[in-house]
Amino acid sequence: SQTIHQWPATLVQPVGSPLSLECTVEGTSNPNLYWYRQAAGRGLQLLFYSVGIGQISSEVPQNLSASRPQDRQFILSSKKLLLSDSGFYLCAWTQSGYRALIHEQFFGPGTRLTVL
Amino acid sequence: AQSVTQLDSHVSVSEGTPVLLRCNYSSSYSPSLFWYVQHPNKGLQLLLKYTSAATLVKGINGFEAEFKKSETSFHLTKPSAHMSDAAEYFCVVRVIKAAGNKLTFGGGTRVLVKP
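Heads up: the sequence lines are chains A and B, in that order.
Last residue of the first sequence: 109 in the numbering used here, with the numbers rising by one and none dropped.
Last residue of the second sequence: 116 in the numbering used here, with the numbers rising by one and none dropped.
Everything hinted at is true.
Quick list of in silico lysine-lysine cross-link-like pairs, BS3-like style, CA-CA up to 30 Å: (1) A:72 - B:43; (2) B:50 - B:115; (3) B:50 - B:69; (4) B:103 - A:72; (5) A:73 - B:103; (6) A:73 - B:43.
Covered stretches of chain A, as calculated for chain B (at least 3 residues, CB under 8 Å): (7) 36 to 42; (8) 80 to 88; (9) 101 to 109.
Just so you know, the hints here were simulated from the structure itself, not pulled from any lab data.
Each residue gets a CB set at the ideal place from its N, CA and C atoms; glycine is no exception.
Looking at chain B on its own, in the form it has when it is part of the complex (with noise of 0.2 Å):
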């Protein structure tokens, strides 16, 4: 069975200043990773994707995050955040030998942005 573990429920950082978000997950088969962020009251948004092919992936708003294997991690980062990046983030894994293609979700980063 797979997992995934964001290892901080909130993220606190000054604007301009790098942001750091951190992933683990566990999976027996070559997994599928993806980053969506989710704005209050709204659907979740695609940040990002690993899908086996460039183990760092460039996604949106200049996020982007690097497939670590030996070290079972997907961590997001971006150089310098901005106001309109607080939000909460969910680290997913899909399984490809899930069945309908299920996603597991983490239990989610809540990121505050300070002026």
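Only chain A is shown next, with the shape it has when bound in the complex (with noise of 0.2 Å):
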């Protein structure tokens, strides 16, 4: 069966300070992989996807960054953070190709990030 990891669970880092999440997916191959962020009291916001090595879309400006350098790591970096960077960051991996057109996104356990 595939299992999503995150970590750290939780991240308390101070201002201007670098950032690393990580996101690994096991059971699978060539996955669909996602970076959201959730800010307190709000929705999802997609910030990057990955469909392959290398392959990164970005889905608004920021202060982020994402890579995508092994088939089922994603990882999620800045290099100065901001107070506005806090909220709850939630990876996600969906099947690719034509698999994915019926298959749902499943989500990690999710990162903590508290900028002070």
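Both chains come to you apart, so use the hints to assemble them.
Quick look at the structure:
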């Protein structure tokens, strides 16, 4: 069966510090991968998605970047955190290709980031 | 472009009474529709999905939803609320032609269950 992992689970960082959040998927190959942010009391905002190694699409201009160095690894980064980067970050995956038409996205447990 | 509107940001019900969460969508193409649930500080869990098969979809934990194309609605119901149903619920649409199979989320409905 497939599983998705995120770490760390919680993180407290000072303004201006770097960030690296990691997401890995097991039990599947060539998944589509997604990073979402959920600010307090708000819905989910798609930040990045990737359909393959090294292929990153950005949905909103921001202080963050994403990378996919391996097929089942997705990393969210920042060089200098802002207060507004605080939130709950969720990674998700779905099947790629034609199977994506009927399959849902599967979400990880999330990372709670607080920038002080 | 597609969009999703959850008509209630908060719903309060008593334990044992029915739950109704309303969702309307707009889409230029045949959509796939989902309901997810999120408990505090947790990831999202799929409750059910509609992908152009039966219009009445049954999900986990006694939830079901009915796809009504004429009304562009996908409301979520449960006959009898349980305390464990207290959570936030998201109605989600995916358009088949969307690049990267992206999802569009509604704003969420927070459900409070009173004993």
